[in-house]
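Protein chains: 2
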Amino acid sequence: MDFRKRVEVCFTPGEFPYFKDEFQTVVVIDVLRATSAICTAFEYGVAAIIPVPTIEEALHYKQQGYLAGAERKGQIVEGFDFGNSPFSYMKEEFRGKEIVLTTTNGTKSLDVAKDAPSVVVGSFLNLEALCHWLLKQDGDILCLCSGWQDKFNLEDTICAGAICDFLITTGNYTSIEDSSIAAKYLFLSAKDNYLGYLKSSSHRRRLKNLNLNEDIKFCLTPNQTDVIPILKNGKLVKA
Amino acid sequence: MDFRKRVEVCFTPGEFPYFKDEFQTVVVIDVLRATSAICTAFEYGVAAIIPVPTIEEALHYKQQGYLAGAERKGQIVEGFDFGNSPFSYMKEEFRGKEIVLTTTNGTKSLDVAKDAPSVVVGSFLNLEALCHWLLKQDGDILCLCSGWQDKFNLEDTICAGAICDFLITTGNYTSIEDSSIAAKYLFLSAKDNYLGYLKSSSHRRRLKNLNLNEDIKFCLTPNQTDVIPILKNGKLVKA
Numbered sequence: 000m001d002f003r004k005r006v007e008v009c010f011t012p013g014e015f016p017y018f019k020d021e022f023q024t025v026v027v028i029d030v031l032r033a034t035s036a037i038c039t040a041f042e043y044g045v046a047a048i049i050p051v052p053t054i055e056e057a058l059h060y061k062q063q064g065y066l067a068g069a070e071r072k073g074q075i076v077e078g079f080d081f082g083n084s085p086f087s088y089m090k091e092e093f094r095g096k097e098i099v100l101t102t103t104n105g106t107k108s109l110d111v112a113k114d115a116p117s118v119v120v121g122s123f124l125n126l127e128a129l130c131h132w133l134l135k136q137d138g139d140i141l142c143l144c145s146g147w148q149d150k151f152n153l154e155d156t157i158c159a160g161a162i163c164d165f166l167i168t169t170g171n172y173t174s175i176e177d178s179s180i181a182a183k184y185l186f187l188s189a190k191d192n193y194l195g196y197l198k199s200s201s202h203r204r205r206l207k208n209l210n211l212n213e214d215i216k217f218c219l220t221p222n223q224t225d226v227i228p229i230l231k232n233g234k235l236v237k238a
Numbered sequence: 000m001d002f003r004k005r006v007e008v009c010f011t012p013g014e015f016p017y018f019k020d021e022f023q024t025v026v027v028i029d030v031l032r033a034t035s036a037i038c039t040a041f042e043y044g045v046a047a048i049i050p051v052p053t054i055e056e057a058l059h060y061k062q063q064g065y066l067a068g069a070e071r072k073g074q075i076v077e078g079f080d081f082g083n084s085p086f087s088y089m090k091e092e093f094r095g096k097e098i099v100l101t102t103t104n105g106t107k108s109l110d111v112a113k114d115a116p117s118v119v120v121g122s123f124l125n126l127e128a129l130c131h132w133l134l135k136q137d138g139d140i141l142c143l144c145s146g147w148q149d150k151f152n153l154e155d156t157i158c159a160g161a162i163c164d165f166l167i168t169t170g171n172y173t174s175i176e177d178s179s180i181a182a183k184y185l186f187l188s189a190k191d192n193y194l195g196y197l198k199s200s201s202h203r204r205r206l207k208n209l210n211l212n213e214d215i216k217f218c219l220t221p222n223q224t225d226v227i228p229i230l231k232n233g234k235l236v237k238a
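Going down the list, the protein sequences come from chains E and B. The opening residue of the first sequence carries number 0 in numbering that gives the first Met the number 0; numbering runs sequentially from there. The opening residue of the second sequence carries number 0 in numbering that gives the first Met the number 0; numbering runs sequentially from there.
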C-alpha cells in the first residue's frame, strides 16, 4: 500500500476534465506572464485580484470604476491601461486596491479550475514558498499549466515539474501520470539555465518579438516573493 | 526567410484539431502496442490492415469472415482471437491476408488523422526506415501520439522526439511548437536506455502488471523492419 499523496501535472486547460474531481488543491501556472504578474501584484500590496475569462467582463468592471487589466496575444488590449507585465503592478496606486484581470491563457485556467476545493497561483516567483505551503495541505495536488491557446507550453511545464520534484523529494508525494513524469524530467534538464533552455520555446520567441525580454528574465527568476495567491469566492487574495 | 519544412508533435488525438490542415503527412504513433503490432504484421507478410475505431465495427468484419483483433485496456476483447501484441502477428495464417484491428488508443488516432493527405504508421520498430522515407516527402510532418485514453504518454512522445531529432539534424526541418521541442528533449535524455527511462511510465506499469514485459522490450527495440504502413482508402498497406 502506497500512502503517499499524489502530485500531478495537467498540460493544458483543455485536458483539465480528465483530471478534475481527483484533486484537493489545483495550482494554476502561467509563467509568461499572468501568474507571475499576479504574484508580483500581491508582493507590491494589491488587496485582491478578480480574474475574469473575457474582455467583456473586464470592461464591465472597468466601467464600474475598477482598475482593470487585459492582455491578448502578449499585448495590452485597447481601452485598458495595463496587461500582464509584472512590472505594471509595481505601482503605488495599486496598493490596497482590488483589481480586475483578463489574460489569453492564465485567467482561462483559473476559470476552468475554479470549482476545485482549493485553487492557488504558482509561478517561479513564489516557487519555494508555494512548495512549503503545499506540503502543509491535505489531499492530492494538481499543477494546471495554462499553455498557449490550448496547446502545451514549455515554461509552465518546467515550473510544474519543479513543484513535483520538490514534493516527491520529501518522500510524501508521488506522481503516476506520464505528464507529471515528463514535467519532472524537463525541469531537471532545465533547472541550471531556464533562459537558455527556453531559448527556442515558442512563447519566449513571441514575447521577444514584442520586446518583452526583461519580462521573460523577471518571470524566470525563482523565489522573489513568499505570497500564495488563493481563490476565495471568485477573488484572488493572499493565503 | 526560413525555408525549412516543419516537423511537429501532437501529444494526444484530442489535440489534433489544433494541428490539422497544416500538415501534409501525419505519422500515427502508438508504441505500446498498436503501431508496433501493425509494423510487425507487415514485416511478417500481412497484405493489409483495416483499422476500425470501435469493437462493433471489428465484430461486424469478423462476422463476414475476416481475421479480426480487438484490444481494450491492454487485454484481448472477449470473442476475438488476438489483440495488439506484436507476437500474435508472427503467424503463417496471417500471411497475405487482410486483417481488421481495433485498439484502445492507436486505431482511434488513425481514425482522427484519416483525412490528412498522407497518413503513415510509426514505431520504434520502423524508426530509421520511416525517417528516411519521410525525408523524401513533400510538405510538413506531424507526429500524432496516441497517448493513453486521451492523456499524454511518454513512450509515444519519445518516439516522436526521435523522428524530430533525426529530421532536424538533416538541416531541412525545424520545429516551432513547444510540444515538439519537449519531445526532442525527452528523446535525447531517454535514447541511451528506453526501458530504464520508461520504468516509471504509467503504461509500462500497466502492461507489466498484465505480464507483458516481453511485448514492452520488443516494442522498444528500434529498427527491426523497413516497412512503412500507409493508409489508402481506409486500409493500411505497405508504402
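Don't take each hint at face value.
Below, a list of computed lysine to aspartate or glutamate pairs in the EDC-like style, where the Cα atoms sit at most 16 Å apart [to be verified]: (1) K90/E x D80/E; (2) K234/B x E77/B; (3) K150/B x D149/E; (4) K234/E x D80/E; (5) K19/B x D114/E; (6) K190/E x E127/E; (7) K19/E x D137/B; (8) K19/B x D110/B; (9) K150/E x D149/B; (10) K150/B x D164/B; (11) K231/E x D149/E; (12) K237/E x E42/E.
Simulated DEER-style distance windows between Cβ atoms [to be verified]: (13) N208/B x G138/E: 42 to 52 Å; (14) Y65/B x T169/E: 33 to 43 Å; (15) K190/E x I175/B: 19 to 29 Å; (16) T168/E x D1/B: 33 to 43 Å; (17) I175/B x T53/E: 53 to 63 Å; (18) N171/B x D225/E: 46 to 56 Å; (19) K19/E x I229/B: 49 to 59 Å; (20) Q63/B x N208/E: 54 to 64 Å; (21) L187/E x T169/B: 37 to 47 Å.
No lab work stands behind these hints, which were simulated from the structure alone. We put the beta carbon where it would ideally sit given N, CA and C, even for glycine.
A quick look at each hint next to the structure:
Restraint check for K90/E and D80/E: the C-alpha separation of about 13 Å stays at or below 16 Å, so the hint holds. Straight-line distance between C-alpha atoms of K234/B and E77/B comes to about 24 Å, which puts the hinted pair past the 16 Å bound. Between K150/B and D149/E the CA atoms are separated by roughly 14 Å; this keeps the pair inside 16 Å, and the hint holds. At most 16 Å may separate the alpha-carbon atoms for a hinted pair to count; K234/E and D80/E exceed this at roughly 20 Å.
The straight-line distance between the Cα atoms of K19/B and D114/E is roughly 32 Å, outside the 16 Å bound, and the hint therefore fails. For the hint linking K190/E to E127/E, the alpha-carbon distance of about 14 Å falls within 16 Å, and the restraint holds. For the hint pairing K19/E with D137/B, the CA-to-CA distance comes to about 41 Å; that exceeds 16 Å, so the pair is violated. Simply put, K19/B and D110/B have alpha-carbon atoms about 13 Å apart, close enough for the 16 Å limit, and the pair holds.
Annotation: proposed proximity of K150/E to D149/B holds, straight-line Cα distance about 14 Å (limit 16 Å). Straight-line distance between C-alpha atoms of K150/B and D164/B comes to about 23 Å, which puts the hinted pair past the 16 Å bound. Taking the CA atoms of K231/E and D149/E, the gap is near 25 Å; set against the 16 Å cutoff, the hint is violated. For the suggested pair K237/E and E42/E, the alpha carbons sit about 9 Å apart, so the restraint of at most 16 Å is met.
Between N208/B and G138/E the beta carbons are some 26 Å apart, a value that contradicts the proposed interval 42 to 52 Å. Between Y65/B and T169/E the C-beta distance comes to about 54 Å, which lies outside the given range of 33 to 43 Å. For the pair K190/E and I175/B, the supplied restraint of 19 to 29 Å holds, since their beta-carbon distance comes to about 24 Å. Distance hint check: the CB atoms of T168/E and D1/B are about 41 Å apart, consistent with the given range 33 to 43 Å.
In this structure the supplied range 53 to 63 Å is violated for I175/B paired with T53/E, their Cβ-Cβ distance being about 28 Å. For the pair N171/B and D225/E, the supplied restraint of 46 to 56 Å holds, since their beta-carbon distance comes to about 49 Å. For the pair K19/E and I229/B, the supplied restraint of 49 to 59 Å is violated, since their beta-carbon distance comes to about 39 Å. For Q63/B and N208/E, the Cβ-Cβ distance of about 57 Å falls inside the hinted range of 54 to 64 Å, so the restraint holds.
Distance hint check: the CB atoms of L187/E and T169/B are about 29 Å apart, inconsistent with the given range 37 to 47 Å.
In this structure, the hints that do not hold are numbers 2, 4, 5, 7, 10, 11, 13, 14, 17, 19, 21, in rising order.
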